[in-house]
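If you want the building blocks of each chain, they are given just below.
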Amino acid sequence: MTQENNIWEVAEKYVAGTLSTTALNSLHQRLQQDAAYSTLFHEHLNLIQSLENNKKQKQFRTLLQSIKTVQTPTSKKIRTIPLSTHYWRTAGIAAGIAIITTLSTFWMIRHNENQRASQYTMLRKELENIKRSQSAIINNINESKTNAPTIAASVSGTGVALSNNGYFITNYHVVEGSDSVYMQNAAGEYFKANLIAFDKNSDVALLKVDDKKFKFSKTDLPYNFASGKNNIGATVFTLGFPDNEVVYNEGYISAKNGFDGDSMQYLLNIPSKSGHSGAPVINKAGSIIGLIAANNTEATTTTYAVSSSAIYNLIKDLPVQIKLPKNSQLKNLDRSQQVEKLQAFTCSVKVFKH
Amino acid sequence: MNQALPTEQQLLEALAQGSRKATESIYRQHHKIIIGWIVQNGGDAVDAEDIFQEAMVILYEKAQDDGFRLSCKIGTYLFAICKHLWYKKLKKNQRTLLSGDEHYEKAYEDDIVAHEERELHYDQLDQALEKIGEPCRSLLKAYYQQDRSMQEIASDFGYTNADNAKTQKYKCLNRLRKLFYES
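Taken in order, these protein sequences are the chains called A and B.
According to this note's numbering, the first sequence is numbered sequentially starting from 1.
According to this note's numbering, the second sequence is numbered sequentially starting from 1.
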């Protein structure tokens with residue numbers, strides 16, 4: 001019994017770390033030599049360790065419980081705040097509120113103005129940083145005899161002829177704020193153009209090539225402009241200049257009214273990207289029903305087009321009479337022939353700004 | 001006020017010692033966000049508190065090892081353990097999480113297995129203590145659960161001195177050892 005008690009005592013002291021160095025040494029020696037004692041000792045040791053650890057863990061759980069029940073005692077303490085701190089804090093909060101109010105009011109006003117911008121992406125193309133187009137222009141200077149621009153364009157869009165003698169139409173937002181406008185025809189030649197008229201609300205602008213002898217083509221305009229709205233579901237196609245080359249796309253009319261119920265617009269399902277602004281939208285019969293103006297930020301095939309009636313409205317009160325063709329000659333042609341005939345009358349519009 | 005904030009390692013060392021301040025600091029820092037996560041993932045407040053407490057215990061047990069170094073932030077460890085425990089509980093109840101995140105079902109598996117084994121071991125020990133019979137049950141409980149000193153136990157149980165109480169305690173330990181290892 002005394003030997004058993006001795007083992008407990010040694011094990012207890014071993015766990016507590018209170019054995020003297022000599023006692024610890026003799027213990028280790030005995031553990032190595034006496035296998036039976038070693039087994040026995042470890043059994044005792046394990047039990048004591050388990051009991052001790054179990055005790056500690058239970059105490060820790062009790063501690064956790066007491067922390068849980070005493071909810072945030074620190075925040076209930078009374079705090080004294082020095083007057084200066086208090087003053088600055090109040091002033092800080094007041095200033096913060098003032099700034100937030102100012103900014104939110106400003107934002108609300110701006111938001112109303114720019115409501116379109118949130119979902120409505122105008123499809124003019126910003127070119128300022130595109131070196132490629134600059135070198136293209138330089139190449140064109142070398143190639144063509146026309147007075148081509150010497151600097152890179154800031155914005156590009158697409159235009160379509162209203163008459164063979166140089167009147168063409170595009171979106172107003174393409175030419176807005178321009179210093180000078182050049183059109184580049186299907187052959188890649190540059191011609192300076194002047195803004196004749198525009199309507200900011202419906203987003204159309206009329207321009208004319210400066211050169212009096214200019215002609216889009218040897219033949220007259222092969223298409224006409226739809227006088228009323230086409231029906232939804234009608235298949236349509238476009239020719240635009242998203243890059244330096246003319247691009248064909250097709251789709252259909254999704255809705256008779258455009259962005260935010262705008263009755264001067266169509267809602268189309270057709271792919272579009274920047275540079276497409278002003279691109280003609282042509283129906284199966286070869287009539288231009290409108291011009292691409294913008295697309296939805298969230299879905300690039302959701303495209304908005306200005307209706308052709310906006311073009312009629314723009315030209316009807318002008319001092320110069322522009323006579324639009326009554327009929328389309330494209331009616332009975334297949335699509336590739338229609339496109340081929342149209343190409344000569346579409347152009348890229350390059351806009352230069354400071 | 002000018003005292004530098006303790007590092008995470010210092011916090012863990014203090015936690016291992018059972019320091020209330022360190023425990024409270026860790027508890028308050030992570031309690032809200034973890035409880036929020038569990039409640040968001042289909043637990044009620046009671047479930048959430050249980051899981052969080054268990055994770056704190058696991059951290060405490062881990063911190064007991066002398067060579068223990070956490071390879072990540074305390075918060076990251078606690079969160080991972082809580083997620084794992086919660087997934088386990090859901091699985092046990094045959095429910096699955098809508099936003100299945102397999103990764104956390106395996107995080108710190110070893111620590112959790114070790115914890116479960118330890119809990120089972122402690123349970124068996126507690127059960128053995130219940131079966132040991134008086135006066136041993138009360139005496140060992142007084143020493144190993146209520147943290148009474150041998151001096152106090154001697155006077156409480158009517159022993160003439162602490163040494164006599166100690167001898168009685170060793171007798172009781174012998175019984176416990178027999179119950180525990182031979183059953």
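If you are wondering where the hints come from, they were derived from the structure by calculation, not from laboratory data.
Careful: at least some of the hints might be erroneous.
As the list claims (entries may be wrong) - Straight line, CA to CA, 25 Å or less: simulated SDA-like cross-link-like pairs of lysine to any residue: (1) A/K55 - B/N41; (2) B/K89 - A/L64; (3) B/K178 - A/T39; (4) A/K13 - B/A128; (5) A/K273 - A/A234; (6) B/K141 - A/S50; (7) B/K62 - A/S163; (8) B/K178 - A/S163; (9) A/K212 - A/S163; (10) A/K56 - B/G36; (11) A/K58 - B/N161; (12) B/K166 - A/S163; (13) B/K166 - A/T90; (14) B/K166 - A/A16; (15) A/K68 - B/K32; (16) B/K62 - A/K212; (17) B/K166 - A/T302; (18) A/K273 - A/L318; (19) A/K68 - B/C136; (20) B/K141 - A/A16; (21) A/K56 - B/K62; (22) A/K68 - B/Q146; (23) A/K68 - B/Q64; (24) B/K131 - A/A35; (25) B/K141 - B/Q17; (26) B/K141 - A/S163; (27) A/K58 - B/Q64; (28) A/K58 - B/N41; (29) A/K58 - B/T160; (30) B/K131 - A/Q49.
Said to hold, decoys possible - Here are some chain B residues the structure puts well away from chain A; computed CB gaps all over 12 Å: (31) T7; (32) A16; (33) G18; (34) H31; (35) Q40; (36) G42; (37) Q53; (38) E54; (39) G67; (40) T76.
Beta carbons: idealized from backbone N, C-alpha and C, even for Gly.
How the hints compare with the structure:
no., hint, result
1, A/K55 - B/N41, "34 Å, violated"
2, B/K89 - A/L64, "21 Å, holds"
3, B/K178 - A/T39, "14 Å, holds"
4, A/K13 - B/A128, "23 Å, holds"
5, A/K273 - A/A234, "21 Å, holds"
6, B/K141 - A/S50, "13 Å, holds"
7, B/K62 - A/S163, "85 Å, violated"
8, B/K178 - A/S163, "111 Å, violated"
9, A/K212 - A/S163, "13 Å, holds"
10, A/K56 - B/G36, "29 Å, violated"
11, A/K58 - B/N161, "28 Å, violated"
12, B/K166 - A/S163, "116 Å, violated"
13, B/K166 - A/T90, "65 Å, violated"
14, B/K166 - A/A16, "16 Å, holds"
15, A/K68 - B/K32, "11 Å, holds"
16, B/K62 - A/K212, "90 Å, violated"
17, B/K166 - A/T302, "88 Å, violated"
18, A/K273 - A/L318, "32 Å, violated"
19, A/K68 - B/C136, "33 Å, violated"
20, B/K141 - A/A16, "19 Å, holds"
21, A/K56 - B/K62, "13 Å, holds"
22, A/K68 - B/Q146, "21 Å, holds"
23, A/K68 - B/Q64, "22 Å, holds"
24, B/K131 - A/A35, "31 Å, violated"
25, B/K141 - B/Q17, "22 Å, holds"
26, B/K141 - A/S163, "106 Å, violated"
27, A/K58 - B/Q64, "14 Å, holds"
28, A/K58 - B/N41, "29 Å, violated"
29, A/K58 - B/T160, "30 Å, violated"
30, B/K131 - A/Q49, "20 Å, holds"
31, T7, "21 Å, holds"
32, A16, "10 Å, violated"
33, G18, "6 Å, violated"
34, H31, "8 Å, violated"
35, Q40, "20 Å, holds"
36, G42, "22 Å, holds"
37, Q53, "5 Å, violated"
38, E54, "10 Å, violated"
39, G67, "17 Å, holds"
40, T76, "20 Å, holds"
In this structure, the earlier hints numbered 1, 7, 8, 10, 11, 12, 13, 16, 17, 18, 19, 24, 26, 28, 29, 32, 33, 34, 37, 38 are contradicted, and the remaining ones agree with it.
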